[in-house]
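Protein chains in written order, with my numbering: chain U, 1 to 349; chain H, 1 to 303.
For the record, the hints were derived by calculation from the structure and aren't laboratory data. There may be inaccurate statements among the hints.
To be verified - Below 35 Å or equal to it, Euclidean Cα-Cα: the simulated DSBU-like pairs (lysine-lysine) are:
#, chain 1, residue 1, chain 2, residue 2
1, U, LYS145, H, LYS102
2, H, LYS114, U, LYS300
3, H, LYS102, H, LYS114
In case you want the letters, here they are:
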Amino acid sequence: MSRRNITVILLALLAGTAGSVCNAAPAPASAPVAIVIHGGAGVIERSRMTPERAASYRAGLGAALDAGYEVLERGGSSLDAVVAAVRQLEDDPQFNAGRGAVLNQDGDAELDAAIMDGAGPRAGAVAGVHHVRNPIELARLVMDKSPHVLLVAGGAEEFALEQGMVLVPRSYFRTEAREHELQEARRAAAARATGKPTTLIALPAGLPSMGTVGAVALDRAGNLAAATSTGGLTNKHRGRVGDTPLIGAGTYASNDSCAVSGTGEGEYYIRQVVAYDVCALVQYRRMSLAQAVHEVVQVKLRRTGGEGGVIALDRSGNIAMDFNSAGMFRGARDSRGRREIAMYRDAGD
Amino acid sequence: MYAIAIHGGAGAVPRATLAAERERNYRAGLEAALDGGYAVLERGGASLDAVATAVRLLEDHPSFNAGHGAALTRDGAAELDAAIMDGSRLRAGAVASVRHVKNPIELARRVMEKSRHVLLVGAGAEEFALEEHFSLVPNQYFRTPERLEQLASEQRGERVSDLVPPAAHGTVGAVARDASGNLAAATSTGGMTNKRPGRVGDSPIIGAGTYAKNGVCAVSATGHGEYFIRAVAAHHVCAAVEYRGFTLEQAVHELLHVILRTLGGDGGLIAIDHAGRIVMDFSTEGMFRGARDASGRREIAIY
Chain U
1 MSRRNITVIL LALLAGTAGS VCNAAPAPAS APVAIVIHGG AGVIERSRMT
51 PERAASYRAG LGAALDAGYE VLERGGSSLD AVVAAVRQLE DDPQFNAGRG
101 AVLNQDGDAE LDAAIMDGAG PRAGAVAGVH HVRNPIELAR LVMDKSPHVL
151 LVAGGAEEFA LEQGMVLVPR SYFRTEAREH ELQEARRAAA ARATGKPTTL
201 IALPAGLPSM GTVGAVALDR AGNLAAATST GGLTNKHRGR VGDTPLIGAG
251 TYASNDSCAV SGTGEGEYYI RQVVAYDVCA LVQYRRMSLA QAVHEVVQVK
301 LRRTGGEGGV IALDRSGNIA MDFNSAGMFR GARDSRGRRE IAMYRDAGD
Chain H
1 MYAIAIHGGA GAVPRATLAA ERERNYRAGL EAALDGGYAV LERGGASLDA
51 VATAVRLLED HPSFNAGHGA ALTRDGAAEL DAAIMDGSRL RAGAVASVRH
101 VKNPIELARR VMEKSRHVLL VGAGAEEFAL EEHFSLVPNQ YFRTPERLEQ
151 LASEQRGERV SDLVPPAAHG TVGAVARDAS GNLAAATSTG GMTNKRPGRV
201 GDSPIIGAGT YAKNGVCAVS ATGHGEYFIR AVAAHHVCAA VEYRGFTLEQ
251 AVHELLHVIL RTLGGDGGLI AIDHAGRIVM DFSTEGMFRG ARDASGRREI
301 AIY
């Protein structure tokens, strides 16, 4: 590479850095704040969704959306907002994260979570934990209190104890609905098993198997953040880790581009580095946020057969929520007065 | 043009501490891995087989921080991570925090080929290994007297040489392009000396320490893993080539000497592009590395 090229790159980067610094300075109170959440792309088929269940999901999403938004409204950080929203969804047994997470082949909840601070870039993540009530809080501690980004399994729980967290028994996470789903998944797998036994089992259609939860937010200071938490796949192989806790795959935030949280068939998201790819298209291809999300979800993921969706947010407060599955539990709220919760393709449902 | 590049870790390589005999030992290990991988390509084999072969040879060599001779955790155990990616089909497999798998790169490949998953960790990964008829080995297999001594001195508060044997930044990896134009990447590591059990670095994370996409590039990284994760380093290099029209050299240079330098992280990486051009660059004092291609290039270097 010629010296001139190096200089050009350096100047471009310095300009970008200087821009970030300026933008991070105290912004006027009129600066937009926004939060977007999802509760998974594996939405129950419309035909099986009763009005009562729909109302209950909407109430759960609304509570998380408002919990996050209140943090932003009182001038709090986007990091605190995404944690507040995701913690609410983890505590709600309807969603596949924290209490009520799906169960693995051993009948245990095995949880993954990640958080990323777009102002850093700083990030924290945990995978394969069995006894942490709110994995998103442990991911945040990894980011704030350790030099590491990703801690897994027993080592992650050891760190949780060192940080003074109280662990909970595995039974805390199990719900009757998830036990029932696991039985169904096992039966379906047994029925499918022909000849060679398979250890890795696809899910019966119609179950909310891709119900990861996540949030992205923009605060008054102009900082972006993203957080994602999940129990993964019903009847999954012990030790299987999806895209959720992998920075760049299921979770990514940078003040230079955007914040993204994904939900879907995690293996596709990992191979295509989905969350980072959305932001790379925004930053380097100069696509709008909506174009970038469309390109990744409707073109690239579709091409490989990867099903799911993403939520994304940029520093101007532009919101994108897109999916190539039947539906995606989602919600958005911003300081321009927008507040919406939706499940299927048409936003009003 | 078919070609392969390998690395055996990047870090501070004080010339003074690397006695001539040890240097010969490292060079011999690198040469064996380079030639082992190259032989696969030469007889028309796939890039995927070439990188797996080279990495397995480095895992088996006690001087490199992967497999036998890996760096030890604060509990004195080896805890291993590895990943492999097939650029022709964007398939990938990875394992993290395994303690009883002789060649983690082979288990990563099995995850890619025989499971629906990409990443398996801890005991679940070893359960899968057993289901796939791998023989597990005791953790003791990985521990060498040098690594135990290194751990002890780090725990006494002495500054451990990042190298000799390369520790803090010691990771091994390979990238290759075969005669059909398929790209592949593989990385394997024991992580940092005295690391916290359960800590996973960039090696097994697709897009961070390992990435391959046909027509664009294949990358294997080594360095301070947390920084490489935050920067989504391997994918960043490929995105710069694909989206911004950078040459591979420009893309690698920007990542290592601008982006990671700004973040405060150091290390190195090897990369290969669609035409088989190789870039090996690092921001540390040295990086154990080697490159060989069909045009007759064959080099091993440390500084």
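Hint by hint, here is what the structure shows:
{"no.": "1", "hint": "U:LYS145 - H:LYS102", "verdict": "33 Å, holds"}
{"no.": "2", "hint": "H:LYS114 - U:LYS300", "verdict": "24 Å, holds"}
{"no.": "3", "hint": "H:LYS102 - H:LYS114", "verdict": "18 Å, holds"}
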